[in-house]
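Chemist: Spelled out, the chains give:
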Amino acid sequence: MPLEAFQVLSAALFCIGLYGVLARRSAVLILMSIELMLNAVNINLIAAAAHMDQTAFTGQIIAIFVITVAAAEVGLALAIILRIFRNRSTVNVDEVDLMKW
Amino acid sequence: MSEPLFVIVAILTLGGGLGVVATRNVVHAALFLLLSLVSVAGIYLLVFAEFLALVQVLIYGGAIIIVLIFAIMLTRSQEYPRISDNPQWPLAIVAGLAVFGVLAASFLWNLPPASEPEGPGLAKIGESLFTKWAVPFEVVSLVLLVALVGAIIIAGRAGDRE
Amino acid sequence: MPETNLTSNLHLLLPEFLLATLAFAVFAIDLLLPANRKKLLAWVSVAGLIGLLALALALLWGENEEMYGGLIKVDSYALFFKSFFILLGIFIILSSVDYVGKHLSHPGEYYGLILFSVLAMNVMAASREILTAYVALELMSFSFYIMVSYARYNPRSNEAGIKYVLIGAFSSAILLFGISMLYSTIGVTHFADISATLANAGDASPALWVGLALILVGLGFKVAAVPFHMWAPDVYQGAPLPVTAYLAVGSKAAAFALMLRLFAEAFMPSIDDWQIIVAIIAAITMTVGNLVAIAQHNIKRLLAYSSIGQVGFLLVGIAALSETSPLASNGVMLHIVGYSFTNLAVFVGIIAFFNMTGKEEIADFSGLADRHPFLAAAMAIGMFSLAGLPFFAGFTTKFYLFTAAANEGLLWLAGLAIVNSLISLYYYQVEIRHMYIQPAPDMEGKLEPASAHNPHPPPVGGGAEDASRHSPTPLIIGVLILMVLGTFFVGVYPFPIVEALDAATSAILPGAGS
Chain U
1 MPLEAFQVLS
11 AALFCIGLYG
21 VLARRSAVLI
31 LMSIELMLNA
41 VNINLIAAAA
51 HMDQTAFTGQ
61 IIAIFVITVA
71 AAEVGLALAI
81 ILRIFRNRST
91 VNVDEVDLMK
101 W
Chain P
1001 MSEPLFVIVA
1011 ILTLGGGLGV
1021 VATRNVVHAA
1031 LFLLLSLVSV
1041 AGIYLLVFAE
1051 FLALVQVLIY
1061 GGAIIIVLIF
1071 AIMLTRSQEY
1081 PRISDNPQWP
1091 LAIVAGLAVF
1101 GVLAASFLWN
1111 LPPASEPEGP
1121 GLAKIGESLF
1131 TKWAVPFEVV
1141 SLVLLVALVG
1151 AIIIAGRAGD
1161 RE
Chain H
2001 MPETNLTSNL
2011 HLLLPEFLLA
2021 TLAFAVFAID
2031 LLLPANRKKL
2041 LAWVSVAGLI
2051 GLLALALALL
2061 WGENEEMYGG
2071 LIKVDSYALF
2081 FKSFFILLGI
2091 FIILSSVDYV
2101 GKHLSHPGEY
2111 YGLILFSVLA
2121 MNVMAASREI
2131 LTAYVALELM
2141 SFSFYIMVSY
2151 ARYNPRSNEA
2161 GIKYVLIGAF
2171 SSAILLFGIS
2181 MLYSTIGVTH
2191 FADISATLAN
2201 AGDASPALWV
2211 GLALILVGLG
2221 FKVAAVPFHM
2231 WAPDVYQGAP
2241 LPVTAYLAVG
2251 SKAAAFALML
2261 RLFAEAFMPS
2271 IDDWQIIVAI
2281 IAAITMTVGN
2291 LVAIAQHNIK
2301 RLLAYSSIGQ
2311 VGFLLVGIAA
2321 LSETSPLASN
2331 GVMLHIVGYS
2341 FTNLAVFVGI
2351 IAFFNMTGKE
2361 EIADFSGLAD
2371 RHPFLAAAMA
2381 IGMFSLAGLP
2391 FFAGFTTKFY
2401 LFTAAANEGL
2411 LWLAGLAIVN
2421 SLISLYYYQV
2431 EIRHMYIQPA
2441 PDMEGKLEPA
2451 SAHNPHPPPV
2461 GGGAEDASRH
2471 SPTPLIIGVL
2481 ILMVLGTFFV
2491 GVYPFPIVEA
2501 LDAATSAILP
2511 GAGS
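Quick note, the sequences are listed as chains U, P and H, same order. The first sequence runs 1 to 101 under the numbering used here. The second sequence runs 1001 to 1162 under the numbering used here. The third sequence runs 2001 to 2514 under the numbering used here.
Quick caveat, the hints were computed from the structure, so don't treat them as lab data.
Within a straight-line C-alpha distance of at most 20 angstroms, the following computed EDC-like cross-link-like pairs (lysine to aspartate or glutamate) qualify:
(1) P:1124 <-> U:53
(2) H:2102 <-> H:2360
(3) P:1124 <-> P:1138
(4) P:1132 <-> H:2193
(5) H:2359 <-> H:2370
(6) P:1132 <-> H:2065
(7) P:1132 <-> H:2066
(8) H:2359 <-> H:2431
(9) H:2102 <-> H:2030
(10) P:1124 <-> P:1050
(11) P:1132 <-> U:53
Computed from a predicted structure; not experimentally measured.
Chain U with its partners taken away, still in its complex shape:
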């Protein structure tokens, strides 16, 4: 499979995630969409490393770190979401909106 196939796939997944972030109201669903975007990044990195950077495979190393940071981010974000839910019984980001312009 040529590299550009993987790149276009990664672009498509990135944009699906982008749509999710913009269109969803629940914080948990926005978080899931961000995970899609991060996976798209990883596809691009790993495919590029496998095709083009076979001696230094930097892309695969970066991908490992991206997975790690994404996991930590999910944990932290869900902790905050749980706290909001306990305080206010909602996780929709447009209902959590005390502060205006």
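Here the structure of chain U is known, so what remains is to put chains P and H in place on it, guided by the hints.
Modeler: Below, chains P and H without anything else, positioned relative to chain U:
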């Protein structure tokens, strides 16, 4: 030989992704995400990045999805299981398609030279992580610690003084 | 690559190792201390930081070493920012002590998180490679996500936290996709390699430029440049006050330390391509930030928009970067220093006021000059400096930046920046007018109703044990004095600092003589 495999895995990945952003049911969204992420592990296998495929399944499938489902179960609201979206979702579709157009065009403009994918193998990745990339490795271990401490502080109940 | 040189200079990383050790020590001591002795943690942190500052200066002065094959570099640029971040950490901890004691739980972790964020900022300033810079940026961001949400039962703090995390993760994803596009076209991530590749990339693939654009967008979100700024006012308003101060000063300084190095060392060969884009973003950011600030009633939101305006000024400096002249690079760094003293003067004043009264609306500051003249004077000095009046830090630093912009032919940008300075003068003088000219509301014997933005009002008519309600503590006064002195120092006699800046600039822009 690998073309049909790629097409299948790509369809699963994108289909799972579409499921996450379009479904009306939160738990289904989590399951679609699981489908998508495990298919991504399949993509990694297609470029011979076996270790990363393993990590992907373990971390994403084994940890992140589980934690997400826990959080969904703990934060059920009256809307469960039907959820509604932002009223501006058509704009979001336009934005998504526009960005995809730009990205795909830039990727396909100058095609990279044809090459066969090759994976480095686990030993080399390990050696590289602990020698050449030691600094980000140490910093990311602190990232994990900070995330852990933060999650406990924010979501925990013990030791309240307020 | 020879393996031997990877650990040969490990002692150069001693400040970072000790910083992490200090943070762990604070966590550990927290477990042993009884609940009413928690202030000791702050003193331990500050003492440790002072020791680390001395160690860093003694150990790293004049060093110019790359480590781990170019991942991080220990040079004057890194040392300048390390010293700055450690000092910033000291001042933030000192200004937080009273606030944390009264309003927040888990003080040990709070101070530990500040220490970890200082560590992350140090690595951000020293990194010469994209992955290292990104991971350090995430460590800093995580510390801030947690600190912003620290007031767990305050709904505004929760809201600020979730908005900040989601926007932060979103912008990280965009930044990373840009990095992946960069990597997939040129295959290298060290700044020096990127620079070499860009210099020869005559007919580079458009994927490279789209990648650079995405990196700019991601970084734009992180520093709250317009149009990526929507999260900042809500997050600044919802976070606990000392965290807002730290966010306004620290996260911006670290992000710009990273950006300055990135643009100077990695993207310089393509400057003709990105200069105009950065200039336009700078122009929009300054203007929107300053114009919207005029309409604000809450002082934290006002400072958030003012902060956005300041980011615009800093971006002017980035746009004006040049390989031959150190003015722009010096200007950005000097502005970071001056802006930090200045902003902290205002913020610490607000913290002192909040510790006494629990209020943060602009109208609440009425008549402050009669009740607490020093507090009002310090805040007024800070605001005059933010507006860019002569003799204060704001004037000198903006002068540098605008001269650098004019030098690079960006006269329109310099002119627009001057206009924006004048606009900012308007909304600062509204606040100063409140403090000096408006009469004070009658405060005796009034019970503040518990409102959504202040769920825990201090008890009314506090007795002798609550003396801090009636006048600022000596600690805060001390910090305020230092901030005001710093503001004047940078404004009137910046030359010693400029010498340090020249050394720093020559570390990242070797061709820029002064």
